[in-house]
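> In order, the protein sequence lines correspond to chains A and B. Residue 113 in the UniProt record's numbering is what sits at position 113 of the first sequence, and the numbering runs on without skipping anything. Residue 223 in the UniProt record's numbering is what sits at position 223 of the second sequence, and the numbering runs on without skipping anything.
One thing to keep in mind: the hints can contain errors.
Each computed BS3-like pair below joins lysine-lysine, with the alpha-carbon atoms no more than 30 Å apart [what the hints assert, rightly or not]:
| no. | chain 1 | residue 1 | chain 2 | residue 2 |
| --- | --- | --- | --- | --- |
| 1 | B | 396 | B | 2 |
| 2 | B | 372 | B | 240 |
| 3 | B | 138 | A | 240 |
| 4 | B | 396 | B | 292 |
| 5 | A | 277 | B | 240 |
| 6 | A | 138 | A | 240 |
| 7 | A | 292 | B | 414 |
| 8 | B | 240 | A | 180 |
| 9 | B | 180 | A | 277 |
| 10 | B | 396 | A | 180 |
| 11 | B | 180 | A | 287 |
| 12 | B | 292 | A | 287 |
| 13 | B | 292 | B | 193 |
| 14 | A | 180 | B | 292 |
| 15 | A | 414 | B | 75 |
The hints are simulated quantities; they were obtained by calculation from the structure and are not laboratory data. Just so it is clear, the structure is predicted and the values come from calculations on it, not from any experiment.
There are 2 protein chains.
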Amino acid sequence: MKSFITYDSESDFSIYNIPFGVAFIAEEYPTCVTRIGDTVIDLAMLYDAGYLDNLGLEENVFEAMVLNPFIELGKSVTVPVREHIQKLFLEGSDLSKDTDLQANAFFDLNDVQMMLPVHVPNYTDFYSSIEHATNVGKMFRDPENALLPNWRHLPVGYHGRSSSIVSSGTALHRPKGQTKPADSDMPVFGPSKRLDFELEMAFITNTYTELGDSVTTENAEDHIFGMVLFNDWSARDLQKWEYVPLGPFLAKNFGSSVSPWIVTLEALDPFRVAGPKQDPEVLPYLKYEGEKNFDINLQVGLTPQDSEETVVCNSNFKYMYWNMAQQLAHHTVNGCNIEVGDMYASGTISGKDENSYGSMLEISWSGQKPVKLKDGQERSFIEDYDTVTMRGWSEKDGKRVGFGEVVTQILPAK
Amino acid sequence: MKSFITYDSESDFSIYNIPFGVAFIAEEYPTCVTRIGDTVIDLAMLYDAGYLDNLGLEENVFEAMVLNPFIELGKSVTVPVREHIQKLFLEGSDLSKDTDLQANAFFDLNDVQMMLPVHVPNYTDFYSSIEHATNVGKMFRDPENALLPNWRHLPVGYHGRSSSIVSSGTALHRPKGQTKPADSDMPVFGPSKRLDFELEMAFITNTYTELGDSVTTENAEDHIFGMVLFNDWSARDLQKWEYVPLGPFLAKNFGSSVSPWIVTLEALDPFRVAGPKQDPEVLPYLKYEGEKNFDINLQVGLTPQDSEETVVCNSNFKYMYWNMAQQLAHHTVNGCNIEVGDMYASGTISGKDENSYGSMLEISWSGQKPVKLKDGQERSFIEDYDTVTMRGWSEKDGKRVGFGEVVTQILPAK
Numbered sequence: 001m002k003s004f005i006t007y008d009s010e011s012d013f014s015i016y017n018i019p020f021g022v023a024f025i026a027e028e029y030p031t032c033v034t035r036i037g038d039t040v041i042d043l044a045m046l047y048d049a050g051y052l053d054n055l056g057l058e059e060n061v062f063e064a065m066v067l068n069p070f071i072e073l074g075k076s077v078t079v080p081v082r083e084h085i086q087k088l089f090l091e092g093s094d095l096s097k098d099t100d101l102q103a104n105a106f107f108d109l110n111d112v113q114m115m116l117p118v119h120v121p122n123y124t125d126f127y128s129s130i131e132h133a134t135n136v137g138k139m140f141r142d143p144e145n146a147l148l149p150n151w152r153h154l155p156v157g158y159h160g161r162s163s164s165i166v167s168s169g170t171a172l173h174r175p176k177g178q179t180k181p182a183d184s185d186m187p188v189f190g191p192s193k194r195l196d197f198e199l200e201m202a203f204i205t206n207t208y209t210e211l212g213d214s215v216t217t218e219n220a221e222d223h224i225f226g227m228v229l230f231n232d233w234s235a236r237d238l239q240k241w242e243y244v245p246l247g248p249f250l251a252k253n254f255g256s257s258v259s260p261w262i263v264t265l266e267a268l269d270p271f272r273v274a275g276p277k278q279d280p281e282v283l284p285y286l287k288y289e290g291e292k293n294f295d296i297n298l299q300v301g302l303t304p305q306d307s308e309e310t311v312v313c314n315s316n317f318k319y320m321y322w323n324m325a326q327q328l329a330h331h332t333v334n335g336c337n338i339e340v341g342d343m344y345a346s347g348t349i350s351g352k353d354e355n356s357y358g359s360m361l362e363i364s365w366s367g368q369k370p371v372k373l374k375d376g377q378e379r380s381f382i383e384d385y386d387t388v389t390m391r392g393w394s395e396k397d398g399k400r401v402g403f404g405e406v407v408t409q410i411l412p413a414k
Numbered sequence: 001m002k003s004f005i006t007y008d009s010e011s012d013f014s015i016y017n018i019p020f021g022v023a024f025i026a027e028e029y030p031t032c033v034t035r036i037g038d039t040v041i042d043l044a045m046l047y048d049a050g051y052l053d054n055l056g057l058e059e060n061v062f063e064a065m066v067l068n069p070f071i072e073l074g075k076s077v078t079v080p081v082r083e084h085i086q087k088l089f090l091e092g093s094d095l096s097k098d099t100d101l102q103a104n105a106f107f108d109l110n111d112v113q114m115m116l117p118v119h120v121p122n123y124t125d126f127y128s129s130i131e132h133a134t135n136v137g138k139m140f141r142d143p144e145n146a147l148l149p150n151w152r153h154l155p156v157g158y159h160g161r162s163s164s165i166v167s168s169g170t171a172l173h174r175p176k177g178q179t180k181p182a183d184s185d186m187p188v189f190g191p192s193k194r195l196d197f198e199l200e201m202a203f204i205t206n207t208y209t210e211l212g213d214s215v216t217t218e219n220a221e222d223h224i225f226g227m228v229l230f231n232d233w234s235a236r237d238l239q240k241w242e243y244v245p246l247g248p249f250l251a252k253n254f255g256s257s258v259s260p261w262i263v264t265l266e267a268l269d270p271f272r273v274a275g276p277k278q279d280p281e282v283l284p285y286l287k288y289e290g291e292k293n294f295d296i297n298l299q300v301g302l303t304p305q306d307s308e309e310t311v312v313c314n315s316n317f318k319y320m321y322w323n324m325a326q327q328l329a330h331h332t333v334n335g336c337n338i339e340v341g342d343m344y345a346s347g348t349i350s351g352k353d354e355n356s357y358g359s360m361l362e363i364s365w366s367g368q369k370p371v372k373l374k375d376g377q378e379r380s381f382i383e384d385y386d387t388v389t390m391r392g393w394s395e396k397d398g399k400r401v402g403f404g405e406v407v408t409q410i411l412p413a414k
């Protein structure tokens, strides 16, 4: 496939991608968009010009501040719409000759501001990387029994805070809170001293289910519109003091950053791979067939203020022990209902070797092995004015499909 | 104060209450309502008839499926509106003579269906009763060190699932899930065998704050519109297996039931009492002045199918160790933003003696002391077709302000 819209061969946004996002155009109005290379295309304008007729779009769902109205139409509509848009961008298409519309609907990436692509009614965070869970268990519990007894039997998860999910580019203030020094019985209050990123991905659901109903591993992917990169910011010192017995709270809910482009499961289909063997065997409701892991390269860069970036992690989404279908089947097996726009994050995605650890906690082994940055500085955790950039992309047979970046600068505590 | 609308002296919905709710009228349209005795009053109609003019209501915010648009106006509007409505209902008012409007805007409680009163963007559950936390700690950890080290230093809380919050009257299916028998290394799957209620109350916020900002204990109550009864359904056996290390998940998110009438903080003002002495002294951001606990009688009734109710718990909201202002200050001290309609539940509200325990887990002491019901049956936990009814009311100087009921029947697992 060759698009009439030119792009670099290294672009995440090839003709094979066709992601969905929401942009503020010229600081004037929000609209749903897609992207080829560095060209952002206003889908509401394509609709108004008749390029999206007869596809089951009864109204202009792209004329919106969020993608929820489009996503809610379900795969029977969104999949053909995406395939149709892909064809519109091919050389020789009607759109390729419609220079008037191109002048109005095509924008340079630098002239738009990308926003959070969906309204997120509910946000769940899983803990599905066996390497990450093992590393954390080794550090904080027993190196010989790093995984808790339930870990291999169910995808451990907990509810996060959806109000504080922000788009790439939104700076976050270092959180303040209680921590307990090791040498004291009393807690102290102040800015977190162990602020960390967590390299995650999240999937977004396209359905409202009824309370009491369950999704199976077989039909779970029908309910998943697509994925984003997800930086699950964590204050390790706050978490250590607060998290028993009911889990993380203020250590997490001061902000989570997501990439602005939702890459569909269909675009990721060529990059499916088999997941790890699950031993012991899982309960019947968690069994699945087919390849449900995805080979997505992941990278984290750390950039101190006014300095250059050091890549501190190269990981891959294919390492996940529990796949998304299992996560969604587990989440709903008790009858919990899902909603359109919900985000379900993977948990930190670490690989086997030290270069693939998805958090500073693991990379610096709880501060015992600070990372040397390119500019000579060292880091155990994230300092004020540091910027963390996460990237994700798949490549196979000369086709590249990626997520772009989620970029967040940390500001001092307010 | 005497209303021209007659009501029983034992009614929770006296002229001193003036709560807010949302009703489906004659199965035709939803509208925001208030209530005196068993008379439900359509506020959208009062607005259209001009009875709510010059109060800062620029449009008919009561013509809505949820109270969020009204609540969002903030106390500078909602408090005078409620006081004005109260005056409308007094003997001799213009409304008392307007029989035409009464014929159109006044409904018998039996002719309307009460709905969930707000859209809930975020739901947090605290764990703020020292008696409950101590009981749970005694049963599952160490009777000599029942409270974890952090408990007296911060109001422990965690995020819940807002999608599965339902209104009184909505039946819930018994959840299925994984549990681990004591005599096995492997988990099994099936319907929960230890389904429980948790007697809680929840407050609802009226503000959007900016990420990075904090609410203080001094201004927290300005951001609290009112309260509801909250039944935080829990599957104890699912929770025991899943909850380490990240907290409750499927054990809770299959459903939470709330009472349909939001009672404002202003209506509860006469029932303020001092909270318990907090020892050790709390950190400065958790200190507060004034009476921030409320004397609200709470009761739980258990009714087997086709049988009579047995009251299994009489508790009181005044027992709370951590008050709502402290909860909200803690929740936001790290910069977490709050939204209009958020629900913040108290955690199970237990008193000191066995008759005041707010869950079957405590009442039956984890099944060791089953409760004898009036009809001769016994209960350690909730059986299929049982109905649980929670009630809450305050009384002082002949004035009664209450919440009515939250009623939920448990159906078999789907």
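> It remains to establish, for every hint, whether it holds in the given structure.
Now the hints, each set against the structure:
A hinted pair counts as satisfied when its Cα atoms are at most 30 Å apart, and residue 396 of chain B with residue 2 of chain B qualifies at roughly 16 Å. Between residue 372 of chain B and residue 240 of chain B, the direct Cα distance comes to roughly 26 Å. Compliance with the 30 Å bound is thereby established for this hinted pair. As the CA atoms of residue 138 of chain B and residue 240 of chain A are separated by approximately 22 Å, the hinted pair is consistent with the 30 Å bound. Restraint check for residue 396 of chain B and residue 292 of chain B: satisfied, since their Cα atoms lie roughly 17 Å apart, inside the 30 Å limit.
Pair hint residue 277 of chain A plus residue 240 of chain B holds up; C-alpha atoms about 27 Å apart against a cutoff of 30 Å. Using a Cα cut-off of 30 Å, the hinted pair residue 138 of chain A and residue 240 of chain A holds, with the two alpha carbons roughly 15 Å apart. With a C-alpha separation of about 27 Å, the suggested pairing of residue 292 of chain A with residue 414 of chain B holds against the 30 Å cut-off. Under the criterion of a C-alpha separation no larger than 30 Å, the hint pairing residue 240 of chain B with residue 180 of chain A is consistent with the structure, at around 27 Å.
Taken as a hint, the residue 180 of chain B and residue 277 of chain A pair is honoured in the structure, with Cα atoms around 22 Å apart against an allowance of 30 Å. Among the hinted pairs, residue 396 of chain B with residue 180 of chain A is inconsistent with the structure: their alpha-carbon atoms are about 43 Å apart, more than 30 Å. For the hint linking residue 180 of chain B to residue 287 of chain A, the alpha-carbon distance of about 19 Å falls within 30 Å, and the restraint holds. Proposed proximity of residue 292 of chain B and residue 287 of chain A is contradicted: the alpha carbons are some 51 Å apart, above 30 Å.
Distance hint between residue 292 of chain B and residue 193 of chain B is unfulfilled; the C-alpha atoms sit about 38 Å from each other, more than 30 Å. A threshold of 30 Å between alpha carbons decides the hint, and for residue 180 of chain A with residue 292 of chain B the separation of about 27 Å falls inside it, so the pair holds. Between the alpha carbons of residue 414 of chain A and residue 75 of chain B the distance comes to roughly 26 Å, so the proposed pair stays at or under 30 Å and holds.
When held up to the earlier numbered hints, the structure conflicts with 10, 12, 13 and fits the remainder.
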